[in-house]
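Colleague: Protein chains in written order, with the working numbering: chain V, 1 to 345; chain U, 1001 to 1345; chain F, 2001 to 2345.
Hints are supplied without guarantee of correctness; some may be wrong.
Every beta carbon over 12 Å from chain U, so not counted as near; a handful from chain F, in silico [unchecked claim]:
no.	residue
1	Glu2008
2	Asn2046
3	Lys2056
4	His2073
5	Leu2098
6	Lys2143
7	Asn2171
8	Asp2181
9	Asp2229
10	Asp2235
11	Gly2285
12	Lys2342
Within a straight-line C-alpha distance of at most 30 Å, the following computed DSBU-like cross-link-like pairs (lysine-lysine) qualify [claimed, not checked]:
no.	chain 1	residue 1	chain 2	residue 2
13	F	Lys2342	U	Lys1057
14	V	Lys340	F	Lys2342
15	V	Lys340	U	Lys1057
16	V	Lys340	U	Lys1340
17	U	Lys1056	F	Lys2255
18	V	Lys107	V	Lys143
19	F	Lys2340	U	Lys1306
20	V	Lys313	F	Lys2328
21	V	Lys313	U	Lys1306
If you're looking for bench data, these hints aren't it; they were derived computationally from the structure.
The beta-carbon is built from N, C-alpha and C at its ideal position, and this holds for glycine as well.
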Amino acid sequence: MADQRFFERHGPFTLQELAECSGAELPEGYDAQTTYEDVAAVDSANATQVSFLDNKKYVEAFKKTSAGACFVHPDMAQFAPEGTVCLTARNPYKAYALAAQKFYPDKILTQNDHAPTAVIHETAEIADNCLIEANVVIGANVKIGAACIIKACAVIDEAVEIGQSCVIGANATLSHCVLGDRVSIYPGVRIGQRGFGFAIDPAGFVSVPQLGRVIIEDDVEIGANTTIDRGAGPDTVIGAGTRLDNLVQIGHNVKMGKNCVMVAQSGIAGSTEIGDFVMIGGQSGIAGHISIGSGVRIAGQSGVMKSIPAGQKDYMGAPAVPLRQFMKQVATLGRMVREKKKKKS
Amino acid sequence: MADQRFFERHGPFTLQELAECSGAELPEGYDAQTTYEDVAAVDSANATQVSFLDNKKYVEAFKKTSAGACFVHPDMAQFAPEGTVCLTARNPYKAYALAAQKFYPDKILTQNDHAPTAVIHETAEIADNCLIEANVVIGANVKIGAACIIKACAVIDEAVEIGQSCVIGANATLSHCVLGDRVSIYPGVRIGQRGFGFAIDPAGFVSVPQLGRVIIEDDVEIGANTTIDRGAGPDTVIGAGTRLDNLVQIGHNVKMGKNCVMVAQSGIAGSTEIGDFVMIGGQSGIAGHISIGSGVRIAGQSGVMKSIPAGQKDYMGAPAVPLRQFMKQVATLGRMVREKKKKKS
Amino acid sequence: MADQRFFERHGPFTLQELAECSGAELPEGYDAQTTYEDVAAVDSANATQVSFLDNKKYVEAFKKTSAGACFVHPDMAQFAPEGTVCLTARNPYKAYALAAQKFYPDKILTQNDHAPTAVIHETAEIADNCLIEANVVIGANVKIGAACIIKACAVIDEAVEIGQSCVIGANATLSHCVLGDRVSIYPGVRIGQRGFGFAIDPAGFVSVPQLGRVIIEDDVEIGANTTIDRGAGPDTVIGAGTRLDNLVQIGHNVKMGKNCVMVAQSGIAGSTEIGDFVMIGGQSGIAGHISIGSGVRIAGQSGVMKSIPAGQKDYMGAPAVPLRQFMKQVATLGRMVREKKKKKS
């Protein structure tokens, strides 16, 4: 059960309500008015709680679960223990997410709440129902849409524009950027600082003015301590729905498409273009001035040095190659080490 | 000599005092009442200062040292120059650490000192002898134990619990977490934000509520700008005595054991379990949903994709293999490059 | 055109003024009094704007540019379309940088401007013409030179010394350090915290007091969320003119020379020495206690485990080897994978 000091639980909800909000199918032969009080992991849930099975690694735990109900793929329902009601869905993790959101909904902001210690420039325009926490600093000509939360000690520099229903994390820093609606910026994120642009000269480097912005489209999430530099002339763009994990680096002029995923500690060098639904594994690096087509998936710790066209699937390694080729490289090297051993003996 | 603007030195201390506080052996034939004024590196120490030899790379510097006294392993004492007194210990670096702590002890807090610009919620409970610096923000229902230091602009969000004698660095952000005693959080650390959890759906990603916490046990140190996400349902746990370096990433639901070490820029993906005394080199990545047994050591830049049982020692490479195998891979590849060259010529 | 909400443009400037400020050659047969209003990228510039060609990847775009004038290498001028005036220079990117600085110069500070909510200790000495933004915290005995900008929520801890014309980014944290002139610290940077130094002991780790400082020489730039630990006894030093990108890690006691470049997410472990004009690619790691000579260039994602003497050029791979050798390794492995396939068929 979630710690009630940190999380406020709603409910209980009936089987019918959970099926409706999640799009899962109500099982036959069960009372649709049975109520459930909470969500929980499959190995800790009890009879009053709802769980889910998504990753096949946890099938054994599912077979022994005490959960009262469980979101599962139709193919897996056969493994449910007696006493666990199966709410079946093609995407059980999504169904669970929607049910969990019902138990733990986001707070709805219904009034202005600006901390007296927030320093808000007189020219800033802040729409209704925003929560501005203590010691926030908001610069001249900033525009903030309705129902935003700006957490403590965040700094919103001059002329930044933020859409509706955004959350800006504590100690985050925004400058030279325009954010869409429902954008979520985690604590310590840095957006809009100068890109790494300078001319190399034996007498010392010469800074190139960085005259672009950062454009963050709707529904983007940006993880803690991630850094996104503003463009050198063109803008840096993060497409709608894209999610960046913690400690990610985005260089100047990068254009990312919609619904991309970048796992923690990965980075994209300057001026590279990324399509839609591109997945980039943790600690991977993408070189500058190349393009990665829509739908490409790059495994963790890869180093991508050349463009990859759309339609290609999985890449891995440094330098990155198609996944099958990477697997063969690993196998070949392993075989050679063994063969050398044999010759010796 | 340490810059007296930044460090307050105590002492001088006698040879006897230094032997006692450090557990080193007092050498025979020396006056135990001889005093020393400071600690210093082996290549810069003078006759009034105490140094140490730990890394064999510095034996040559040791042979020429002007240090008045030196902590060394008994086997190395033979290399000491005339005039340098050897304080011998099996772990000379530890002995040096304890002596240096005597010259430069942590400040002892003996009164409440809350900056007038700190914004402390009226429901927060702060025990005695805490130093709360300027512009700190402390939310509702926070509990802070005795003798803690909260540095400037740190943000402690609602209901966070902090034990005794902790230090929270400037501009750090804590939410949804519970800290033990003597925990040290460096500047810019992010603890307790939402984990990277969402269901992938063609219509857009669906966020999975992250309902766990972060539990930081006693004596943990967490380096600058490191990020630790809260659990999705279970908690994220950092075991007692563990030390994380700067810019480390810990995903949701990770469980780390006691006295682990993670060097800078390494990361652990979600739901992985780490035993006790595990060492993880810089820039290494550990995949999600696996387990690393106690005592395992992972070299820098490794990529660990499969579980490693306890008792195994050193791993390296991406994908990570036992160190000996990695070395053979490197040697084999080098040999093949050379052989190809020969054929050509 | 740069967004006028974020950037204030000067000009227009004549062809002659642009040639003079940039050191480029004025072309013959053109009116030196023709004026230009702005800078822009080669693929978006119009007849009133000045652009540049530096990276050969963009020659095709250059052939079709509508730019009124363009900084180019003399060898490339032949590809200019009719109507585009060529300002030729051996280093066209540098010439462009100087011209762009003329259109978008740094603000000149001509008076003291200390925000009323900045918390400045009474013993701090702040020279003339500094801009101290809201909620900044400046500790006891801090010294700040003339014409510095300290952005919102930055924390300058006790006794830190900052030279003239420095910029300290929002939410950055400085302690135990001394900065030269014209140093630029980006948002979220952490300088001067304790290094990762402790003695390993079965009973628990013992912290080694970190008694050194961080010395940042003139004209250094340090990217967002980068971390630089103070020395253990000796100082950590970043040489004049060096530029660090975002999310870089510098361990205790590291000495970097002048005019080095470190790309994002790279790191240097403790006590390593780096010469002058060393280039370190993104996500590379340099082991501790080694030395890298002047002029060495290390490609992205490399892992350098041994010292490299000055005069050597390019290194790549993990473990890093000379670039040619790395390329051969990649080619050899590829060949072996193909040969195995053939045998099978």
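Colleague: Determine for every hint whether it applies to the structure shown.
Modeller: Consistency of the hints with the structure:
| no. | hint | in the structure |
| --- | --- | --- |
| 1 | Glu2008 | holds (29 Å) |
| 2 | Asn2046 | holds (38 Å) |
| 3 | Lys2056 | holds (30 Å) |
| 4 | His2073 | holds (36 Å) |
| 5 | Leu2098 | holds (34 Å) |
| 6 | Lys2143 | violated (10 Å) |
| 7 | Asn2171 | violated (5 Å) |
| 8 | Asp2181 | holds (19 Å) |
| 9 | Asp2229 | violated (7 Å) |
| 10 | Asp2235 | violated (9 Å) |
| 11 | Gly2285 | violated (5 Å) |
| 12 | Lys2342 | holds (17 Å) |
| 13 | Lys2342(F) with Lys1057(U) | violated (49 Å) |
| 14 | Lys340(V) with Lys2342(F) | holds (21 Å) |
| 15 | Lys340(V) with Lys1057(U) | violated (34 Å) |
| 16 | Lys340(V) with Lys1340(U) | holds (16 Å) |
| 17 | Lys1056(U) with Lys2255(F) | holds (20 Å) |
| 18 | Lys107(V) with Lys143(V) | holds (22 Å) |
| 19 | Lys2340(F) with Lys1306(U) | holds (26 Å) |
| 20 | Lys313(V) with Lys2328(F) | holds (27 Å) |
| 21 | Lys313(V) with Lys1306(U) | holds (23 Å) |
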